[in-house]
Structures are given as structure tokens and as C-alpha cells.
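Line by line, the protein sequences give chains A and B. Using our numbering, the first residue of the first sequence is number -7, and each one after it goes up by one. Using our numbering, the first residue of the second sequence is number 4, and each one after it goes up by one.
Treat the hints as calculated values from the structure; they're not laboratory data. One thing to keep in mind: the hints can contain errors.
[Said to hold, decoys possible] DSSO-like cross-link-like pairs, simulated, lysine-lysine; straight-line CA separation at most 30 Å:
1) B/K253 - A/K28
2) A/K157 - B/K123
3) A/K162 - A/K207
4) B/K281 - A/K28
5) A/K236 - B/K215
6) B/K281 - A/K219
7) B/K281 - A/K236
8) A/K162 - B/K215
9) B/K45 - A/K28
10) B/K45 - A/K60
11) B/K28 - A/K45
12) B/K28 - B/K6
13) B/K253 - A/K219
14) A/K28 - B/K128
15) A/K28 - B/K123
16) B/K42 - A/K28
17) B/K6 - A/K219
18) B/K11 - A/K219
19) A/K242 - A/K282
20) B/K253 - A/K236
21) B/K28 - B/K42
22) B/K215 - B/K256
23) A/K236 - A/K286
24) B/K42 - A/K219
25) B/K42 - A/K207
26) B/K256 - A/K219
27) B/K128 - A/K236
28) A/K284 - A/K219
29) A/K23 - B/K28
30) A/K282 - A/K157
31) A/K236 - A/K265
32) A/K60 - B/K28
33) A/K207 - A/K282
34) A/K23 - B/K128
[Said to hold, decoys possible] To give an idea of the interface, some chain A residues facing chain B are shown, with a C-beta separation under 7 Å as derived from the structure:
35) L11
36) E14
37) A15
38) E31
39) S35
40) P37
All values derive from a computational prediction rather than experimental measurement. By construction, the Cβ of each residue, glycine as well, lies at the ideal position given by its N, Cα and C atoms.
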Amino acid sequence: MARIALVTSNAFSRQDERLCLEAKGHVVSFKRDVAKALEAILSDPPDLLIIEKGLERNLDREVISALKNNLQLALMPIILVVSERDIATGLDWDSYQVDDIVSSQATVEELLTRIELSLARSHRVADNNPLTKLPGNSSILKSIQNMLDQGQGHAVCYVDIDNFKPYNDKYGFSRGDEVIRMVGRILVNVVQEHCGNEGFVGHVGGDDFVFHVPKEEAEPVCQDVIKSFSALIPLFLDEEDLEKGYFTSKDRQGNTRTFPLTSLSIAVVPCEKGRYSHYGEVAATAARLKKKVKALDGSNYFIDRRSASSGKS
Amino acid sequence: MDKAELKKRLNDIQSLPTLPPIVSKLNEMVADEDITAVKLGKVIEKDQVLTSKLLKMVNSSFFGFPQRISTVSNAIVLLGFNVIKTLIVTSSIFEVMQASDVGLFEHSLGCATACGIIAKMRQIKNPEEVSTAGLIHDLGKIVLRSELPEEYEAIVREAQEEGLYMRQVEKKRLGVGHGEIGGMLARQWNLPERLVFPIEFHHKPELAPEYKEIAAIVHFSDILIRAVGFGYGGDPWVPGLDHVAWERIKLSKSQMREVIAELDEKLIELQDFTLEIKVEG
Chain A
-7 MARIALVTSN AFSRQDERLC LEAKGHVVSF KRDVAKALEA ILSDPPDLLI
43 IEKGLERNLD REVISALKNN LQLALMPIIL VVSERDIATG LDWDSYQVDD
93 IVSSQATVEE LLTRIELSLA RSHRVADNNP LTKLPGNSSI LKSIQNMLDQ
143 GQGHAVCYVD IDNFKPYNDK YGFSRGDEVI RMVGRILVNV VQEHCGNEGF
193 VGHVGGDDFV FHVPKEEAEP VCQDVIKSFS ALIPLFLDEE DLEKGYFTSK
243 DRQGNTRTFP LTSLSIAVVP CEKGRYSHYG EVAATAARLK KKVKALDGSN
293 YFIDRRSASS GKS
Chain B
4 MDKAELKKRL NDIQSLPTLP PIVSKLNEMV ADEDITAVKL GKVIEKDQVL
54 TSKLLKMVNS SFFGFPQRIS TVSNAIVLLG FNVIKTLIVT SSIFEVMQAS
104 DVGLFEHSLG CATACGIIAK MRQIKNPEEV STAGLIHDLG KIVLRSELPE
154 EYEAIVREAQ EEGLYMRQVE KKRLGVGHGE IGGMLARQWN LPERLVFPIE
204 FHHKPELAPE YKEIAAIVHF SDILIRAVGF GYGGDPWVPG LDHVAWERIK
254 LSKSQMREVI AELDEKLIEL QDFTLEIKVE G
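Bound conformation, chain A alone:
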């Protein structure tokens, strides 16, 4: 039972073929007009995309690379519909970062099997957070450990939202979820803008995020993240609270008290080559730093430079 978007000029578009897919419980949306299809895909992504090679204006390649470079959509499986000739001559898989191919001449049974395999595979690898669609704990661990093993010298940054629990209590879960999604989007976009595919963003869970970027990018990324967060957070607070500059909610002990407006704390652990060998050590340093950065008012980042220094916005 998946939502499938089909973007082809006519392959697999016959009524009986679509009925076949629907009989398996899939919801199929078929589009001939690529531009319109893409807009629909971006604003409401399907579980799987089937797209034909050789669309007008090179749009197939554009779309595939846009989706695969989007940290939140990269895991959506894409099946490329190719001609028999493409199969004979081979394709440049670097420019077509797809998950599978199917011949435009294939039977609908074959197509169905490929769809099911792709979906099963994507469930196997995904530990993505359902709210932000960002990689979860095991991917985070793997990514940081890889970075350490290869001595890439990135900085690992731990992000969390200050006073998130009382915010959730006061404004309700659905607005809390929006704030978490907002932070996820900001991190993805800022990291991507500064370091393209060299960066990584993951969502530990709740209001905790982790990203790592080349060491020299850490500071500008933190600054931009905090700048964007500060611009957007007022949209998620009531005017009344904004004017007062604080809000009233319950603390962990259940006592009603006032809290400063929601802000962001980032603990930055630069991992020069050879300094850490294991993910756990990085996490331990981060935990120590987090205490320091949390003690400051407002949104802040704090970089561990042994002789620690801080940045404030």
C-alpha cells in the first residue's frame, strides 16, 4: 500500500496497467505534464516515483538529482523507465542516481515486483525520523564513526531547543511538532547551502538534532542556523508572549512558572584528525559542552577549543 507517482509520456499509463497497481492497494497518480507532476511531488511527495528517461528539457535528470540531493527526500525510491536500447548501451549511473530501472517494454507483473522490492528495500534501510524524515540514531552513529575513521576532520554539532517541553505543554503537540520540523528544515538547508553533500544532518529524536560539517564551516553554519531560527520562531509564538518576552507553563516538577522564549543551543565538537577514535568520546565532550551552552540566555553556540571560547547572537 504505497502512494506511487508515475511520470511518463505513455509507458505504463494504460488503464489496465494502472488498475493492476491499484488492485494491489497502491494509490497511483499518473502525470504526463512533467512540470505539474513535479510540483505535486515536491509539495506532497509519494512513497515511490517512477519516472521515464529522456523527458523534455532534461527534466528527468534535473528532478532525480534534486530529489536525491534533498536530505529529506533522498530515501524516496526512484525507478527509471528506460528503453531496451538504454539497457544494451548502459547508462551513466552517476548522473542518474536512481534505485532501480525497468524497461518500458516490461510487463506489468515485472513492474509490480520491482515496485515491491524497492519499497521493501527502502523500509529496510530507513531509520528516518517520521516527523522530519531525517536520518535517525543508527545512521547518525554510522555517519559520525565513518567521519572519524576516515579522519575527515569535521565538527560534530549537537542542537537542541531550549524550553521545548514547557513550550509543548503550553502550545500543544502539533505546534511543537511544527517547531521541530522547522528546526530540521533550517539545519538541512543551511548545511546544504554551506557544504553541499559534505555535510550530514540527523534527528536523534524529540528536540535533539546532530549535524556534522567540515570544521571551518561549523561557525558560519551555527551563525546562520541561529539567524534563521530567530527569524522564524516568532511565527510559532503567540503575540502576547512575544510582547512579554516570556511565557508561562509548567516545569518538570509540575510547578507553574515563567520561561524565556524558545531558543536554540548548539554544542560544537571539532574532531581534528586523531583526536577522537570513537563516537562515544565525541558524545561525552558534547554532553559537557551542552551544560555550558544551556546556561547562557537566548540562542547560542559553543565551540570546544579546549581553551573554550563562545559565540553569541
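Knowing the structure of chain A, use the given hints to seat chain B on it.
What follows is chain B alone, placed relative to chain A:
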């Protein structure tokens, strides 16, 4: 065509066309390696169709900020470069660009500019939101132009020949005016009510259930920009001023002088851009 049928037509609208020169300019920008999302935003926020598409996307269920985001700069932070780039690469254009399309583009841009100036003068917290409302207030006209081209032409012709406002002819032929049509689409696209109501009620701002002040500023700016003769709103008539709305946002004579001076200056700056659009068109 009745209202129900019109609503059904609106339901199917995934996307609206815009001016070819704007899209080709953006496509060129996208090809430049040093381009940033913010720079693209500066052009997008001049075009009502691209702006409303951007807002549609960010307020959609996938991005998950329903009816929350009302400005281009906030949308850009949340959508990111790749999504914006795809939006540009896949945007559709008018097959034939008419002089009136450019006229409406200028009218919308001018109205947005006036809205921003007045919002700032009235010390409204988020003036960019008010100028966005001004930019997309005539979205309904784009809907008519692209989805019901024959009706649209008939409406324009009848308005000209009979000396009527476009919205009068629209009401007569379709049962609703472009304000309501734009409002319906904006609601369907999940845009915030802070934008929906000003679009829907820009000719009758006092009927807006909420955000009357924004609606009144859009209403007044629409009139002001026609009066200074920037762009073309589709009919040659300057709409009448709603006096209750004016009382709500009333500016003193000296404030008004300031508004006009600043508007003049900003419109001259905009002319470089609109000329570029006209020449390429």
C-alpha cells in the same frame, strides 16, 4: 458557469503560468554557481504567481507548516535552495504573453510596494507580510486569465465597452469577483488567513472577518497605485475608496506626502526590472 463548478475548476489547479522573461531570468540565475536561495528570493518576491506557488509549497502538508508562512523570505529559509530551484525549473509560462499580463504584473508589484511603505509607516510588525498580500491580491485575475481564457477576454472586453469595473462584469458572468476567486484558491492552497482575507476582501475590506487592517492597506494601495499610473489593473477605472477602511488606516497629509515620495523613489528603482521584463517579452 456557477460557483460550484468554478470551485471544482479551482480544485484542479496545481499551478499557474507566469511571465516567460521572469522564468528565463531565474533559469539563468540558477545556472550560476554562486547563486544563493536569498538572491533567487529577491526575484521571486516580485512575481505574484511564483510567490504564491512558493507559499503553497511551504504551507503544504509535506513541509508541515499549514497556514503559517506568509512571506517569501521565511518560505526560503524553510524550503531551501534545491526545492526553490526545482520550482523554477518546472514553472510554467504563458504561451503567449500579452501586454496586459505585463501590466498586471507591474500593478501587483506596485501595489506590494505601496503596501510595504504604508505598513512600515503604521508600524505593523511584519510589513513584508502586508506587501505579500498586496503582491498577490489579484491572483484571481491570473486564474481567470489562464484557466478561463475565453471568459477572461469577454470580461475585459465588456468592462472596456460598458465602462464597468472588471469585478462587476465578473460578478455578472460568473457570480463571483476576482477577489473571491483569488481567496478561494489561496484557501485551497493552504495559505495563512492573514493573506486569504486581504485577497478576498480587497475591494470590501470591512467585510473581512479578520485582518481588516491588512485588507484595508491592500485596498488603499490598489487604488493608490492605479492613481499614480503604474502598471495596469485590467480596467481603466480607479476603484472607489471605502471610507470606513480609510478611517481605519487614515494617514495624515504629511504622512501621505511621505508615502508618495517614497513610493515614487521605489517605483523608479523597480522600473529597471520591469523594463527588462518588457524588453525580453
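Results of checking the hints against the structure:
1. The straight-line distance between the Cα atoms of B/K253 and A/K28 is roughly 44 Å, outside the 30 Å bound, and the hint therefore fails.
2. For the proposed pair A/K157 and B/K123, the alpha carbon gap of about 35 Å is over 30 Å, so the pair is violated.
3. Distance restraint check for A/K162 and A/K207: the Cα-Cα separation of roughly 38 Å exceeds the 30 Å cut-off, and the hinted pair is therefore not satisfied.
4. The straight-line distance between the Cα atoms of B/K281 and A/K28 is roughly 26 Å, inside the 30 Å bound, and the hint therefore holds.
5. Distance hint between A/K236 and B/K215 is fulfilled; the C-alpha atoms sit about 25 Å from each other, no more than 30 Å.
6. Between B/K281 and A/K219, the direct Cα distance comes to roughly 37 Å. Violation of the 30 Å bound is thereby established for this hinted pair.
7. Among the hinted pairs, B/K281 with A/K236 is inconsistent with the structure: their alpha-carbon atoms are about 49 Å apart, more than 30 Å.
8. At roughly 28 Å between alpha-carbon atoms, A/K162 and B/K215 fall within 30 Å of each other, so this suggested pair holds.
9. A threshold of 30 Å between alpha carbons decides the hint, and for B/K45 with A/K28 the separation of about 24 Å falls inside it, so the pair holds.
10. Taking the CA atoms of B/K45 and A/K60, the gap is about 26 Å. The hint holds against a cut of 30 Å.
11. With a C-alpha separation of about 27 Å, the suggested pairing of B/K28 with A/K45 holds against the 30 Å cut-off.
12. Between B/K28 and B/K6 the alpha-carbon distance is near 37 Å, which puts this suggested pair outside the 30 Å criterion.
13. Proposed proximity of B/K253 and A/K219 is contradicted: the alpha carbons are some 35 Å apart, above 30 Å.
14. A hinted pair counts as satisfied when its Cα atoms are at most 30 Å apart, and A/K28 with B/K128 does not qualify at roughly 36 Å.
15. For a cut-off of 30 Å, the pair hint linking A/K28 to B/K123 is broken: about 37 Å separates their Cα positions.
16. Restraint check for B/K42 and A/K28: satisfied, since their Cα atoms lie roughly 25 Å apart, inside the 30 Å limit.
17. Pair hint B/K6 plus A/K219 does not hold up; C-alpha atoms about 45 Å apart against a cutoff of 30 Å.
18. Pair hint B/K11 plus A/K219 does not hold up; C-alpha atoms about 42 Å apart against a cutoff of 30 Å.
19. With a C-alpha separation of about 23 Å, the suggested pairing of A/K242 with A/K282 holds against the 30 Å cut-off.
20. Taken as a hint, the B/K253 and A/K236 pair is honoured in the structure, with Cα atoms around 28 Å apart against an allowance of 30 Å.
21. Distance check on the hinted pair: B/K28 and B/K42 sit about 12 Å apart at the alpha-carbon level, within 30 Å; holds.
22. At most 30 Å may separate the alpha-carbon atoms for a hinted pair to count; B/K215 and B/K256 meet this at roughly 22 Å.
23. Only pairs whose Cα atoms come within 30 Å are accepted, and A/K236 paired with A/K286 is accepted, the gap being roughly 22 Å.
24. For the proposed pair B/K42 and A/K219, the alpha carbon gap of about 17 Å is at most 30 Å, so the pair holds.
25. Between B/K42 and A/K207 the CA atoms are separated by roughly 26 Å; this keeps the pair inside 30 Å, and the hint holds.
26. Between B/K256 and A/K219, the direct Cα distance comes to roughly 38 Å. Violation of the 30 Å bound is thereby established for this hinted pair.
27. Between B/K128 and A/K236, the direct Cα distance comes to roughly 15 Å. Compliance with the 30 Å bound is thereby established for this hinted pair.
28. For the given pair, A/K284 sits about 20 Å from A/K219 by alpha-carbon distance, which is consistent with the 30 Å threshold.
29. Taking the CA atoms of A/K23 and B/K28, the gap is near 27 Å; set against the 30 Å cutoff, the hint holds.
30. Distance check on the hinted pair: A/K282 and A/K157 sit about 17 Å apart at the alpha-carbon level, within 30 Å; holds.
31. Between A/K236 and A/K265, the direct Cα distance comes to roughly 47 Å. Violation of the 30 Å bound is thereby established for this hinted pair.
32. This hinted pair checks out: A/K60 and B/K28 have alpha carbons roughly 25 Å apart, not beyond 30 Å.
33. Using a Cα cut-off of 30 Å, the hinted pair A/K207 and A/K282 holds, with the two alpha carbons roughly 18 Å apart.
34. For the proposed pair A/K23 and B/K128, the alpha carbon gap of about 42 Å is over 30 Å, so the pair is violated.
35. The restraint placing A/L11 at the interface with chain B is violated, with a minimum CB-CB distance near 22 Å, outside the 7 Å limit.
36. A distance limit of 7 Å between C-beta atoms decides the matter here; for A/E14 the minimum to chain B is near 21 Å, and the interface restraint is violated.
37. The beta carbon of A/A15 is not positioned within 7 Å of any beta carbon in chain B (closest approach about 26 Å), and the interface hint is therefore violated.
38. Hint status for A/E31: holds, given a least beta-carbon distance of 5 Å to chain B, under 7 Å.
39. A hinted interface residue such as A/S35 counts as satisfied when its beta carbon comes closer than 7 Å to some beta carbon of chain B; here the least separation is about 4 Å, so the hint holds.
40. Among the interface hints, the one on A/P37 holds; its C-beta lies about 6 Å from the nearest C-beta in chain B, closer than the 7 Å criterion.
Comparing the model with each earlier hint shows violations of hints 1, 2, 3, 6, 7, 12, 13, 14, 15, 17, 18, 26, 31, 34, 35, 36 and 37; every other hint is respected.
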